[in-house]
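Chains A and B, in that order, are what the protein sequence lines are. Numbered per our numbering, the first sequence finishes at 887, counting up by one with no gaps. Numbered per our numbering, the second sequence finishes at 887, counting up by one with no gaps.
Hints listed in this document are in silico derivations from the structure and should not be mistaken for laboratory results. Some clues are possibly wrong.
Claimed, not checked - Calculated cross-link-like contacts (lysine-lysine; reagent style DSS-like; alpha-carbon spacing at most 30 angstroms): (1) A:LYS866 - A:LYS886; (2) A:LYS887 - B:LYS825; (3) A:LYS644 - B:LYS812; (4) A:LYS803 - B:LYS598; (5) B:LYS812 - A:LYS760; (6) B:LYS657 - B:LYS803; (7) A:LYS605 - B:LYS494; (8) A:LYS615 - B:LYS605; (9) A:LYS578 - B:LYS713; (10) A:LYS825 - B:LYS605; (11) A:LYS886 - A:LYS825; (12) A:LYS578 - B:LYS560; (13) A:LYS615 - B:LYS576; (14) A:LYS760 - B:LYS490; (15) A:LYS574 - B:LYS578; (16) A:LYS706 - A:LYS728; (17) B:LYS706 - B:LYS655; (18) B:LYS734 - B:LYS713; (19) B:LYS644 - A:LYS490; (20) B:LYS706 - A:LYS756; (21) A:LYS655 - A:LYS685; (22) A:LYS605 - B:LYS858; (23) B:LYS615 - A:LYS494; (24) B:LYS803 - B:LYS825; (25) B:LYS578 - A:LYS494; (26) B:LYS803 - A:LYS615; (27) A:LYS490 - B:LYS760; (28) B:LYS555 - A:LYS615; (29) B:LYS576 - A:LYS576; (30) A:LYS840 - B:LYS598; (31) B:LYS803 - A:LYS605; (32) A:LYS625 - B:LYS574; (33) A:LYS840 - B:LYS763.
There are 2 protein chains.
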Amino acid sequence: MRQSQLFTHTLKESPKDEVSLNAQLLIRGGYIYKEMAGVYSFLPLGLRVLNKIEGIIREEMNAIGGTEMRTSVFQNKEVWEKSNRWDDNIVNNWFKTKLKNGTEVGLSFTNEEAYSNILKQYINSYKDLPVYPYDFKTIFRNEARSKSGIFRSREFYWKALYSFSKDETEHNEFYEKAKQAYQNIFKRAGIGDLTYLTFASGGSFSKFSHEFQTLTEAGEDIIYVDEKKGIAVNKEVNTDEVLKDLGLNKKNLVEKKAVEVGNIFSLGTKFSDPFDLKYTNKEGKEELVVMGSYGIGLGRLMGTIVEVLADDRGIIWPETVAPYKVHLIDLRKKQDDKLYQILQNDKIEVIYDDREISAGIKLKDADLIGIPYRLVLSDKLGDKVELKMRNEDNIKVYSIEEVIEILKK
Amino acid sequence: MRQSQLFTHTLKESPKDEVSLNAQLLIRGGYIYKEMAGVYSFLPLGLRVLNKIEGIIREEMNAIGGTEMRTSVFQNKEVWEKSNRWDDNIVNNWFKTKLKNGTEVGLSFTNEEAYSNILKQYINSYKDLPVYPYDFKTIFRNEARSKSGIFRSREFYWKALYSFSKDETEHNEFYEKAKQAYQNIFKRAGIGDLTYLTFASGGSFSKFSHEFQTLTEAGEDIIYVDEKKGIAVNKEVNTDEVLKDLGLNKKNLVEKKAVEVGNIFSLGTKFSDPFDLKYTNKEGKEELVVMGSYGIGLGRLMGTIVEVLADDRGIIWPETVAPYKVHLIDLRKKQDDKLYQILQNDKIEVIYDDREISAGIKLKDADLIGIPYRLVLSDKLGDKVELKMRNEDNIKVYSIEEVIEILKK
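All chains, full assembly: derive it from the sequences and hints.
Have a look at this one:
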């Protein structure tokens with residue numbers, strides 16, 4: 479991509495009402511546009527990051543047997559009445575709207591009901607189980623306040639997988655796989671070191687649910703981390719009994735602020751019961767399906783990466799989710815496309831700053847935008863090229879051949 | 479994909495209130511699930527088709543310089559008041575909802591306002607133009623009735639590109655490219671022969687807009703086709719004056735029912751004016767940006783392909799949009815994975831019916847599901863395999879090597 483053809487450019491300021499660092503940097507870098515509090519559009523660079531994150535999550539979900547589908551945003555009142563979650567007094571963050579004929583419809587804020595209802599049509603026998611359908615879709619939650627940028631927005635892009643298993647044993651087996659897949663996702667997205675498997679309250683069907691909490695002062699959650707063991711407990715379950723249960727010692731726990739980047743939850747028969755989601759087992763007897771839920775907000779994950787890795791010059795993307803791998807900056811009096819063409823031919827993702835503006839602005843913009851590999855061409859370098867990693871300070875000079883070798887690795 | 483692992487299966491019946499052929503077949507085949515009138519979820523097979531269609535459209539949009547982004551569903555009242563399209567008395571198919579604090583928000587039904595508003599932040603100089611941003615997103619329209627399956631749904635998945643040009647000349651140049659790109663899309667999607675470039679009314683900034691109308695009795699539009707010239711006029715502009723203008727002879731026109739699968743529209747300064755979307759030209763003078771709009775509903779396109787190509791046994795997908803290229807059906811007493819593995823190793827997209835059910839059901843299901851290449855393994859064939867195209871009647875027998883060669887082409 480030629481930067482001259484990208485319609486966005488960096489901004490000196492973000493909107494005055496934008497108090498969160500993640501949204502400030504993403505707005506200034508040309509990644510997102512603030513439509514209103516808690517509602518953002520994803521500009522070309524931002525969509526590329528979102529797509530990279532989506533690709534990682536999709537690979538991990540497919541690897542554990544996930545099957546992708548896409549359920550509707552509009553939700554049917556009758557379906558939600560089955561699980562008793564239609565009433566605004568029970569679920570207080572619904573967005574609802576009306577058809578011409580006055581029928582109320584809800585805007586999807588989660589997927590348990592839609593999935594249980596669809597699967598009811600297809601599951602009959604033990605042969606039909608287990609199944610692990612999932613969705614990437616836009617979700618709507620009527621948050622009273624929304625001041626954390628893309629950490630907590632009113633409209634957000636979300637992955638939800640639901641597991642449908644024959645019994646607890648089959649469920650637990652998958653649950654452990656999903657736990658590992660989630661850890662892979664956060665590791666691949668570059669925040670593995672800061673992200674803790676966190677025990678949280680479990681509801682009526684299991685002692686615990688599991689959150690994936692990333693340490694950041696911008697987080698809204700309080701967790702207690704055992705750094706040696708690499709696990710944490712959420713404030714709500716930080717009791718002597720639970721700690722004993724988990725083999726944790728109060729003395730080793732450190733209180734930290736964190737943001738929940740994912741969560742997994744055993745649902746038991748909480749939804750299969752009201753939806754009468756049953757199968758016939760090998761003995762010909764009807765049994766309720768055992769369910770689990772596995773969610774990740776992609777925008778929140780993107781915001782978390784920005785929040786925890788950025789420095790005072792701007793964003794620092796891990797290579798795996800960066801909109802481009804290379805930022806090629808031409809500071810020569812006579813710019814040419816040669817290296818840009820070579821990179822493109824070698825299928826190295828590159829954004830090429832071919833704009834006719836000052837060197838200072840180009841370098842400052844590159845820091846703000848945060849692409850991992852910065853290549854600079856300048857008249858004083860002759861045929862050579864300067865390579866700097868966004869997350870390092872040293873600059874090295876290479877021949878074109880050498881730098882291509884490095885980038886191809 | 480092993481069919482035994484796909485949670486959907488074919489259905490004998492579609493819901494009683496479903497009167498449209500496209501939705502009936504797609505529901506029975508396990509492609510979509512009807513949530514309510516005009517609202518469908520896309521099941522795994524359906525999402526694969528949608529993704530194929532999306533891939534074709536993306537390629538064609540990128541080829542003419544498009545830049546993808548993703549604007550929000552929630553729309554800001556203040557933005558829409560600029561173009562005077564917020565009022566329900568002016569736009570009668572809005573869905574609206576409310577934030578906790580009582581603020582009304584709209585659900586996106588089109589993108590002119592959101593795009594004009596975002597671009598206003600970025601366009602300053604003639605150097606910033608032209609730009610061609612586009613979006614794939616879910617769109618909501620409060621249709622009074624919705625009986626045409628996925629031809630006209632209340633929630634649908636949509637591509638919209640907007641062109642922002644310096645002047646009419648630059649606009650017209652792009653408009654012609656877009657026209658060609660649209661023709662490529664419908665050709666690649668397998669309905670090129672049935673799809674006519676159709677002149678329709680143009681509004682205040684151009685004499686005509688252009689629709690792409692696909693002939694089908696299920697269509698809601700009436701068009702007048704000149705089959706020799708390969709163009710048509712919409713009912714609304716079928717006047718002596720227009721025909722003369724276009725060099726068409728009334729005698730050569732045939733009245734047909736059709737469905738509008740895409741449309742392109744010159745907007746002139748209709749939106750740049752209220753949004754004060756101006757740029758400074760080379761002479762330092764401010765000029766209004768000239769806009770165009772280019773839309774395609776992906777679900778409608780999918781429904782149209784089903785509607786016009788299906789036979790009485792079921793769906794017939796063109797290879798380009800089929801969920802899989804090959805339907806491998808194992809009718810042998812002792813099934814094995816050998817051919818399935820070979821196909822997968824050769825990166826040929828295959829769905830493998832490994833279910834333990836009767837040959838009759840497998841073959842009937844394959845016809846309904848409509849994958850282009852059907853391969854049958856049976857005991858009477860020995861090491862050979864039977865190949866039948868879904869849109870042909872003859873069956874041929876090949877060795878495995880021969881059939882792989884054919885499929886690799």
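Evaluation of the provided hints:
For the hint pairing LYS866 (chain A) with LYS886 (chain A), the CA-to-CA distance comes to about 16 angstroms; that is within 30 angstroms, so the pair holds. With a CA separation close to 25 angstroms, the supplied pair LYS887 (chain A) and LYS825 (chain B) stays within the 30 angstroms bound. Straight-line distance between C-alpha atoms of LYS644 (chain A) and LYS812 (chain B) comes to about 27 angstroms, which keeps the hinted pair within the 30 angstroms bound. The straight-line distance between the Cα atoms of LYS803 (chain A) and LYS598 (chain B) is roughly 29 angstroms, inside the 30 angstroms bound, and the hint therefore holds.
A distance of roughly 22 angstroms separates the Cα atoms of LYS812 (chain B) and LYS760 (chain A); the hinted pair therefore holds under the 30 angstroms criterion. The hinted pair formed by LYS657 (chain B) and LYS803 (chain B) meets the criterion: a straight-line CA distance of about 29 angstroms does not exceed 30 angstroms. Proposed proximity of LYS605 (chain A) and LYS494 (chain B) is supported: the alpha carbons are some 28 angstroms apart, at most 30 angstroms. Note on LYS615 (chain A) and LYS605 (chain B): the hinted pairing is violated, with a Cα-Cα distance of about 36 angstroms set against a maximum of 30 angstroms.
Restraint check for LYS578 (chain A) and LYS713 (chain B): satisfied, since their Cα atoms lie roughly 28 angstroms apart, inside the 30 angstroms limit. Annotation: proposed proximity of LYS825 (chain A) to LYS605 (chain B) holds, straight-line Cα distance about 28 angstroms (limit 30 angstroms). As the CA atoms of LYS886 (chain A) and LYS825 (chain A) are separated by approximately 9 angstroms, the hinted pair is consistent with the 30 angstroms bound. For the suggested pair LYS578 (chain A) and LYS560 (chain B), the alpha carbons sit about 25 angstroms apart, so the restraint of at most 30 angstroms is met.
For the hint linking LYS615 (chain A) to LYS576 (chain B), the alpha-carbon distance of about 21 angstroms falls within 30 angstroms, and the restraint holds. Among the hinted pairs, LYS760 (chain A) with LYS490 (chain B) is consistent with the structure: their alpha-carbon atoms are about 25 angstroms apart, no more than 30 angstroms. Pair hint LYS574 (chain A) plus LYS578 (chain B) holds up; C-alpha atoms about 12 angstroms apart against a cutoff of 30 angstroms. As the CA atoms of LYS706 (chain A) and LYS728 (chain A) are separated by approximately 13 angstroms, the hinted pair is consistent with the 30 angstroms bound.
Taking the CA atoms of LYS706 (chain B) and LYS655 (chain B), the gap is about 23 angstroms. The hint holds against a cut of 30 angstroms. This hinted pair checks out: LYS734 (chain B) and LYS713 (chain B) have alpha carbons roughly 10 angstroms apart, not beyond 30 angstroms. About 26 angstroms separates the Cα atoms of LYS644 (chain B) and LYS490 (chain A), which keeps this hinted pair within 30 angstroms; it holds. Distance restraint check for LYS706 (chain B) and LYS756 (chain A): the Cα-Cα separation of roughly 59 angstroms exceeds the 30 angstroms cut-off, and the hinted pair is therefore not satisfied.
Of the pairs offered as hints, the one joining LYS655 (chain A) and LYS685 (chain A) holds, with about 18 angstroms between alpha carbons and a cut-off of 30 angstroms not exceeded. Simply put, LYS605 (chain A) and LYS858 (chain B) have alpha-carbon atoms about 28 angstroms apart, close enough for the 30 angstroms limit, and the pair holds. Between the alpha carbons of LYS615 (chain B) and LYS494 (chain A) the distance comes to roughly 28 angstroms, so the proposed pair stays at or under 30 angstroms and holds. A hinted pair counts as satisfied when its Cα atoms are at most 30 angstroms apart, and LYS803 (chain B) with LYS825 (chain B) qualifies at roughly 10 angstroms.
For a cut-off of 30 angstroms, the pair hint linking LYS578 (chain B) to LYS494 (chain A) stands: about 22 angstroms separates their Cα positions. A distance of roughly 26 angstroms separates the Cα atoms of LYS803 (chain B) and LYS615 (chain A); the hinted pair therefore holds under the 30 angstroms criterion. With a C-alpha separation of about 25 angstroms, the suggested pairing of LYS490 (chain A) with LYS760 (chain B) holds against the 30 angstroms cut-off. Simply put, LYS555 (chain B) and LYS615 (chain A) have alpha-carbon atoms about 24 angstroms apart, close enough for the 30 angstroms limit, and the pair holds.
The suggested pairing of LYS576 (chain B) with LYS576 (chain A) holds, with an alpha-carbon distance near 12 angstroms, which does not exceed 30 angstroms. Between LYS840 (chain A) and LYS598 (chain B) the alpha-carbon distance is near 23 angstroms, which keeps this suggested pair within the 30 angstroms criterion. Between LYS803 (chain B) and LYS605 (chain A) the CA atoms are separated by roughly 26 angstroms; this keeps the pair inside 30 angstroms, and the hint holds. Note on LYS625 (chain A) and LYS574 (chain B): the hinted pairing holds, with a Cα-Cα distance of about 23 angstroms set against a maximum of 30 angstroms.
This hinted pair checks out: LYS840 (chain A) and LYS763 (chain B) have alpha carbons roughly 27 angstroms apart, not beyond 30 angstroms.
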